[in-house]
Amino acid sequence: MDVPADTQVDARASNPMPCIRCGQCVDVCPVALSPLQLLHDIQTQRLSSARRDGLLDCTECGRCDPVCPSRIPLLELFRNGKHALHAEERARAAADAARVRYLARQQRLVSEQGERRQRQAAQTTNAASADAVAAAIERANARRRARNDRPPE
Amino acid sequence: MNASKTEFLFATARPSTRSVRSMMVWVLIALLPGIAGRVAVFGFGVFWRIAFALAFALLVEAFLLQLRRHSLRHFLADGSAAVAAVLLALCLPPISPWWIVACAVLAALVFGKHAYGGIGRNPFNPAMLGVALVLLCFPGALATIPTANAAHGDHAWMWIAGFDALGGVVLLSLRIVRWQTPLAVLAGAAICAAILDFTGNAVAHRLFADNLVLAAFIIASDPVTGCTTPRGRWLFGFGIGLLLVMLQRHGATSSSLPFAVLLMNCAAPWIDARLQQLRLAKHRHE
Chain A
139 MDVPADTQVD
149 ARASNPMPCI
159 RCGQCVDVCP
169 VALSPLQLLH
179 DIQTQRLSSA
189 RRDGLLDCTE
199 CGRCDPVCPS
209 RIPLLELFRN
219 GKHALHAEER
229 ARAAADAARV
239 RYLARQQRLV
249 SEQGERRQRQ
259 AAQTTNAASA
269 DAVAAAIERA
279 NARRRARNDR
289 PPE
Chain B
76 MNASKTEFLF
86 ATARPSTRSV
96 RSMMVWVLIA
106 LLPGIAGRVA
116 VFGFGVFWRI
126 AFALAFALLV
136 EAFLLQLRRH
146 SLRHFLADGS
156 AAVAAVLLAL
166 CLPPISPWWI
176 VACAVLAALV
186 FGKHAYGGIG
196 RNPFNPAMLG
206 VALVLLCFPG
216 ALATIPTANA
226 AHGDHAWMWI
236 AGFDALGGVV
246 LLSLRIVRWQ
256 TPLAVLAGAA
266 ICAAILDFTG
276 NAVAHRLFAD
286 NLVLAAFIIA
296 SDPVTGCTTP
306 RGRWLFGFGI
316 GLLLVMLQRH
326 GATSSSLPFA
336 VLLMNCAAPW
346 IDARLQQLRL
356 AKHRHE
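Chains as they are written, first to last, in the numbering used here: chain A, 139 to 291; chain B, 76 to 361.
Accuracy of the hints is not assured; some may be wrong.
Stated by the list, open to error - Some chain A residues close to chain B (C-beta under 7 Å, calculated; not the full set): (1) 157; (2) 172; (3) 189; (4) 192; (5) 211; (6) 215; (7) 240; (8) 242; (9) 247; (10) 264.
As the list claims (entries may be wrong) - Far from chain B, by Cβ distances over 10 Å, these chain A residues were calculated: (11) 159; (12) 161; (13) 248.
Just so you know, these hints were derived from the structure itself, not from any lab. Note that beta-carbon positions come from the ideal geometry of N, C-alpha and C, so glycine has one too.
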């Protein structure tokens, strides 16, 4: 198969004319994309529009490339665009994962702190109640009785 | 089935034999029969006017490219200014003074083309923009000129339309022009004329008048300002045919062609965007 050599691609890329919207690329695209629309999205730095217009559907079959009368290196541009989209996607996935982790940790810290506070609060209320004081005195007296074997004054 | 499958799997990267320049040159060649027909009917004045428009357009184009610091060799040679100039000269009334031609060329290239960023970026057909401008600005100057129909009758226009169609068929066979647009323009005009005029004679008159055949094959088929999806080409062409006949009947200017084309130029990007979304969605479902 006659796959384009790198030199050929470079020669085409070096001096392209502007797109004249002749539609040859639209006619040959096997997945019903509009390469000229994708080209416009990419040239105007609108990657999200390129995604909406189906850039990720592109199979990189390279049919649009040779039919272009303006010698625009479409395939190369679409590959770069897809790479950029994928990189963006990876970055977003990483950011999403980090956010999920961060939120989970925050939640855990908050709930742990809550539990600790509850425990402390329970302890202080127990210590403050009259029953608890009486019980503690009783316990202490019992210990002393056992140690000295004689009743307190 | 096998052939198409292997072709799909191993996309052949044959170098494109057709460049923008060769497309434009073919359009100019396709215009030759129509030019010859007009010269035969209206005399050599037509030829000189085309030559003047061409020379002036190349001069203006060179000046504008210089102004925008573009490579003269790269862009002047693309031939788009030449095509615009010839189309413009053909679409102005057959006998118009030189200064009207000059104004139209200036308007076409300055406001129609370079103001938008040059070749490929213009939303309106430059030639039609130039013609529309002089039709609106100098109605008096153009009204004093006897219209071609009055002077020569339908018969002459029939011949000219035939010559235009000949050039159009050449472009169709080279697939520089896709068949949907011209057919849609003719169908739109014929249907609209049939509804409005009833008689076959009047329909034929409408189809040969006002450069309709030239418009169908070459002006409406200008890729830059037209639609790129197959169904879009149908809608675009049909709209031009329809508007053309309606404006002919009810419009105020002597020629309705530029306005029909410019109006559809406005609609073309919207038509394309909607239809391409539908097309892609349909393909994904299959």
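Hint check:
1. 157: holds (5 Å)
2. 172: Residue 172 of chain A check passes; min Cβ-Cβ to chain B is 5 Å, inside 7 Å.
3. 189: Violated - the Cβ of residue 189 of chain A stays beyond 7 Å from chain B, reaching only about 12 Å at its closest.
4. 192: Holds - the Cβ of residue 192 of chain A comes within 7 Å of chain B, reaching about 5 Å at its closest.
5. 211: Given a least distance of 11 Å, the restraint on residue 211 of chain A is violated.
6. 215: violated (15 Å)
7. 240: Violated, because the Cβ-Cβ distance from residue 240 of chain A to chain B comes to roughly 36 Å (cut-off 7 Å).
8. 242: Where the cut-off is 7 Å and the nearest Cβ of chain B is about 36 Å from residue 242 of chain A, the hint is violated.
9. 247: violated (45 Å)
10. 264: violated (67 Å)
11. 159: Contrary to the label, residue 159 of chain A does not stay out of reach of chain B, its closest Cβ about 5 Å off (not over 10 Å).
12. 161: violated (4 Å)
13. 248: holds (44 Å)
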